[in-house]
Amino acid sequence: MKKIKLFIILIFISLTTGCWNYRELNDLAIVSAIGIDEENGVYNVSVQIMDPAQQGGNTNSSGSSSESTPIDVYEGQGKTILEAISNVLLKQPGDIFLGHVDVVVISDQLARKGIENFIDFLLRDRESRKIFPMVITKNTKASDIIKLITPLELISGKYINSTLEATKKNNGIISNRLFDEVLMCLFVEGREATISSIELIGSPEKGENLDNPSTSIPSTYFQISGSGVFIDDKLVGYFDLKESMGYTYIRNQSESTVISVPCDNEGNYAGIKLEKSSSKLKTTIKDRKPIGEITFDTKAVISEFNCKMDLLKTENIKKMEKITNKELKKLLDNTMISAQKEFKSDVLGFGEYLYKNNYKEWKKYKKNWNETFSNMEYKIKVSTEIRNVGSIIDSLKNSYEGNPNYGKE
Amino acid sequence: MKIDQTNKKLMNSNKKNIEEIKKRIGDSPDIIIKKLSFMKNVIHVIFNETLCDQQIINKFILEYFVETPMKSNPENIVKYLSENIPTRKTTKISDFDTLFYNLFSGFTIILIDGEEEALSIETRFQLDSGIQEAKDEYVLKGPKDAFTENYQTNIGQIRRRIKTEKLWLKEVELGTKSKTKIGIMYVSDIANVELVEQVINKIKDIEIDAILGSNYVIETISENKRNVFPNYLSTERPDFVAMNLLEGRIAIIVENMQYVIIIPAVFVDFFHSTEDLYQKSINTTYTRLIRIAALLITLLVPAIYIAITTFNQEAIPESLIINFAAQRSGVPFPALIEAILMIITFEILRETNLRIPSTLGSALSIVGAIVLGEAAVSAGIVSPIMVIVVAITSISGLTVSSSDIINGIRWWRIIFIVLASVSGLLGVLIASILFILNLASIKSFGIPYLSPIAPYYKNNQGNSIFLFNKYKFFKRNSLTAKKNLYRSKEND
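As given, the protein sequences belong to chains P and C, one line each in that order.
FYI, our numbering numbers position 322 of the first sequence as 322, with every residue one higher than the one before it.
FYI, our numbering numbers position 394 of the second sequence as 394, with every residue one higher than the one before it.
To be clear, the hints were calculated from the coordinates, so they are not data collected in a lab.
From the three backbone atoms N, C-alpha and C, an ideal C-beta is built for every residue, glycine too.
One should not assume that every hint holds.
[Claimed, not checked] Computed cross-link-like contacts, BS3-like style, restricted to lysine-lysine with a CA-CA straight-line distance of at most 27 angstroms:
#1 C:Lys225 - P:Lys5
#2 C:Lys443 - P:Lys3
#3 P:Lys3 - C:Lys225
#4 C:Lys225 - P:Lys2
#5 C:Lys443 - P:Lys2
[To be verified] Computed, partial: chain P to chain C, Cβ under 10 angstroms:
#6 Ile11
#7 Asn21
#8 Asn26
#9 Leu28
#10 Ile30
#11 Phe97
#12 Asp102
#13 Glu127
#14 Ser128
#15 Arg129
#16 Lys158
Here chain C stands alone, though its shape is the one from the complex (with noise of 0.2 angstroms):
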């Protein structure tokens, strides 16, 4: 539903056009209305105070029309003002809807008396905070810097890596509203190009009147929207853009937002990371290996213990059943109630830990760890090894860096958890199958989720849970790259 009046050119007359501009932004104070003279012209300059950089207006436009000396009018002073403003970038517009386009995204607008064309010049400020370093995904060696909520910028970060003209951007503007602009990228020869054009043709469907994140994009474009996992990969990393886009995968950046989406993602990308690009290859596979290992600890062990201590005590070594039997016997509630009680007051000590101040934090560690530890166990409501099991669980559960993927772990932890306490190991065999079922059934984008493991891609083993050298000097990705996989012509 298009929500915007039709759209009305602008009039030959200054006085009529800024009375309609009024009209239209219900007299908004921050738009400033400077009238000037200008060689027997009567020029209006408009522009958003919030918007735009008041030093290059005083400068470059401000003292241009007050200290050029008056001579005899030029035969087209539109033309005539576009080339002599000394401005980086000078358009031409004719009707209100680029105008007023214009005139939010930071430019200023002259309107010449008796023109029916104005000149919009770029005077933007910068509004965001700037270049800075990585916080989410924090790599020990290799590139500080991190994606601003500038889209010039974050392109500019992304072109700096990739220096070659068939990196290609796509634009699409969103939003009746906010007018964002969604840029798609990838790497003409390398990238599948069928892919590139449907996305594009999916975002261009999507109908909202304001996109205000990049999740607003991809949620809509997602052919799984209602499965935990996340299917595309979000970052704040330019490097680790590049690094993908080289695979042939495509990115999505959206303006005001400083995280770039990548697509396709399936299960094993999750487990990779930017650090993998400066570590040698084969101590990149022992941490990889590590992330996997967490990731099965942080689904299984809590379900696990449920089930062998109340289905399966066979199972337990016999000095630990003593031990844990020790351990128990002051404990009133059962052992699912105990698990579930530890995990729900970490969860929400988490919770809590993203949403405070930084400077409540500190309070807020020393009372979790009490509550969790010490005293929960001196008062007899949970025993030691449940906090242990709980402990042990939560800090695998943040090894992998991408919250994306551990949002989803946690609902299936706590059906890994039910299932074990109604039917011992063989629930958690059951959550097991229920599990990769669940896995394998997602696409992404094309991709099945498990690959390379399931189906089993051979040529592509050497970047999924290894990394080779190979993989990381000679070859692509065969399951995103669609044409040279190669990644110079000698080792083809």
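One chain only, chain P, in its complex shape (with noise of 0.2 angstroms):
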């Protein structure tokens, strides 16, 4: 009896805790993108939601799905963000569910005023996940990119969000793709953040059309153009798509990257494909005064070659090692030299080297540490092994140039 009566007992506890965040998936307004702007001290938050009935699974619209847009987006204004996204509920039904952002797009000018402000209230809602993209714009409104129709994939805050890591990927130059990397940025010593920005080519009213895709080239597109460049929580400028590519080089955050080297001195280049790479910071104290050093080992593989050079000959091998590791190094110290001198901004994490392995001196330094960074020297150290060369061995240059026979049976 005992028994039975503390099992209906635990029954009726787990009933009357009444469902508590109970909700039917058809109740939700998914969210695939947020966009923040700021004026005027006011911040206008777009939600891009996704609409279902537009989506493939709905048994009724027999795959006509051009009708209307496949996102809805609504705005709302607010002292908070959290107002300004119950000001979208005033607009439409459905419960807004942060749990599948996609992508949280910051505007440039925001981001210049400061974005910590609002990363509070990213960091303390339940439902969000987070592990979801950011990127801040570059000369564009963040709603702007949320009202986006996109081409291919009909949800553009997927879009984006697949955009970025494919370019991760293949190209290395996003930097701090993820929530949480840039928190890490921006609460650890001695590193400033850096987010990747996007910035829309066309005019903004025509992307908003579903039409915008029908084209083959869509009339209002998006496009990577580089990485911001924080000092504290604040925008200070942007790095260029071969200094964000330096950047991620330095940071150990690339997969697998290409670049070109000149072969010869007539114009001809190779391309060539960096599959493993490595890079160490470190910091030392000499004379008071902090000394930088890069060292950045990569294995590479060439994967394309115009020129007239037998790549059988391992002094040719050495020979374009050394001319990868002179390109390399020019890379890396442009990063170097635009994150020292452009921008004052230690996004590399010299001093977060300083700050884990010698704290003592990073104590010093502590307070002034961007200004002494922009002056501190550095060495870069770059050593490239060529593992490959592809599928085949020789250039079809040499192959038929060199050979003598070419041309008879």
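Hints are included, so try docking the two chains, each in its own frame, into the full complex.
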């Protein structure tokens, strides 16, 4: 009897919870992207909501998804992000569900004033997963990106997300893609943040139209343009594509990237694919001055080769390695100069190394580190190992011009 | 409570005896009493025409009495007859209770005037359907024979497989009216003899007027009467019984029942089948894993679906959530009602399918397929995804051939669904804990139900979820077998 009583009590306890947090799937407004703009101290949040009726799952609409847009964008204003989002509820019926946010877009205007204020909301919210990508815009309003209709993928939030992912995998430009990586940068001592930037090309009004992707070249589209450089939580400028690439090399964030190196004096180039790279940062103190050191090792493959050179010979491979080293060093140097002189922001983490490995010294420089960093001397060591030359050995030029029997049977 | 009157001895007058018989059976017309004379004696041949083989009676009994030439009377007519009538088995009886028992078992009774003893001659007619192919536990490669309603045939089918004097049979007669024979079989040098004695004593203590099936026995002696999960296996396959006898288990054979009960059984045993013997061990392991996966699917899938669509939406992959939302958009019911509606519909179909004559089966399956599938979706009552969920749940529920355990699982499925709809994945977790607690609390004739996994017995892992050759050919299950743990001396 006691057992039965206990069991009944247990069942009632669980039933009287009132189904806390119970929501049917069709009552949700599933948000795929959030754009945050700011004007005169008021946040303008644009929320991109997926419209299930326009997706493939509906049995009634037989593939005719071209009647209305697959996404609905609602805007709300408020002094806090929460207020702005709750104002969205005035315009549509669903519960705002942030569990599936694909991307958060922050306007450059807001980023220049500081992003820390609203990051608190994203971090505090129970629903949102903390692993969505973040981007900042360049010369564009965030809401325009949110409203954009993209080809291939009907939901543009998802489209931006997959573009970022693919670029990161193949070009290595994307730095600190995910929200938690950005958070790390903001809170770690001795390293400043960068966030990838995208810009809109074409007119924003046309981009909202369902016709936008109907031509082979969409009239309005977005493009990854590099990354924004921060000091504390404020945007100070942008790395261009090459500088972003250098940044990801130094920060060990690139997976597989491609660079072109000149292989002769006649203006011919070879394409080198870097497959496994590792870089090490080091800051040493010499004569009371910090000195930075970057060691960059990479294993590469020649993927395209347009010069007359016999790649069977080891010395030629060595020569190619040398040229690659030089090219890579130039690339990394470029990023360093830009970070030091243009932005005076230690995005690379020399300060972080000092903080972790030489805390006594770090305390001395802590207050004015970015200034110290901008005048810091540094060394870059690059070593490349070419492991493979691809499916063919000789370049085509070499095989028919160097071979006396070419053309004869 | 004993219902029968006091046992009365046979009298030495045939007239009085027959009067008594007629009085006791209420003059039933299927009892034939035939008067003959044999060597100056008056003989009455009594038999039940529904239970006896008329041919045997004609050929061996009546013919014998008629055609044996008249000679001088032997000194002891009873002894003479029992030695001379050409039948398999002749016994002497001296009281009415035995007489009636034999009469209703299909024996022919011979009353001799002036003697206080009667003879009973076996003339039973084969009343069962004969040995047929196993229908409920079909195997691809393996013997096809199944148990019948005939007690002797059933024991014979087991004996034929284990030809050793160590295979012991104990018999108990139960039921004051039905007088059903219960056979308890075990291999004496493997099985746990103490358990056998306990079981026999428990069976002897049963007081009931009739035993009409093996469940009557097992449900009275089993220690977990309230639990939904069975702690015994019931099978119609003699080879499965033989396999389990050799593991030290005990078989209980009930007269007139074509299902033999095997005790003790633990949870993993329900995922074993006779097929395991006839396939390579390594492939059996794969099949067993599939069976366990099917159990988890049938138990968890509807609950998890409800949990993630109503509480934990962030757990659904993004491309799926939009599809789910689109499919759910026209459905008027909450997911819980939708699921219970579909599950009950399926259960009704299943129950109907079991009960209706097979000629109506195809009509039912057409209606069922339409109701459960296309029509329910296009009418907007359920979402297509729910049809898939219920379909996979139901199909997985059929992989375990034992209906005993599936009937238990059905209860738990509802508990899972309700808890999931109350508190999401947390509810599924709570239900899982309750489920495991429930299983762990069961004892099957002294053996923990979840063994050999919890408590963990390293030595028995080879034949629980996995099957290793070693356990098929060399070793026995040490939980059930108490002696001779190895199948042959050389591997000791």
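Here is what the structure says about each hint:
1. C:Lys225 - P:Lys5: holds (19 angstroms)
2. C:Lys443 - P:Lys3: holds (18 angstroms)
3. P:Lys3 - C:Lys225: holds (15 angstroms)
4. C:Lys225 - P:Lys2: holds (18 angstroms)
5. C:Lys443 - P:Lys2: holds (20 angstroms)
6. Ile11: Holds, because the Cβ-Cβ distance from Ile11 (chain P) to chain C comes to roughly 9 angstroms (cut-off 10 angstroms).
7. Asn21: holds (6 angstroms)
8. Asn26: Holds. Min distance 4 angstroms.
9. Leu28: Where the cut-off is 10 angstroms and the nearest Cβ of chain C is about 6 angstroms from Leu28 (chain P), the hint holds.
10. Ile30: With a minimum Cβ separation of about 6 angstroms from chain C (threshold 10 angstroms), the hint on Ile30 (chain P) holds.
11. Phe97: Holds, because the Cβ-Cβ distance from Phe97 (chain P) to chain C comes to roughly 6 angstroms (cut-off 10 angstroms).
12. Asp102: Hint holds; Asp102 (chain P) Cβ to chain C Cβ min 7 angstroms, cut 10 angstroms.
13. Glu127: holds (6 angstroms)
14. Ser128: holds (8 angstroms)
15. Arg129: Since chain C brings a Cβ to about 6 angstroms from Arg129 (chain P), closer than 10 angstroms, the hint holds.
16. Lys158: holds (7 angstroms)
Violation of the numbered hints given earlier is absent; every hint is satisfied by the structure.
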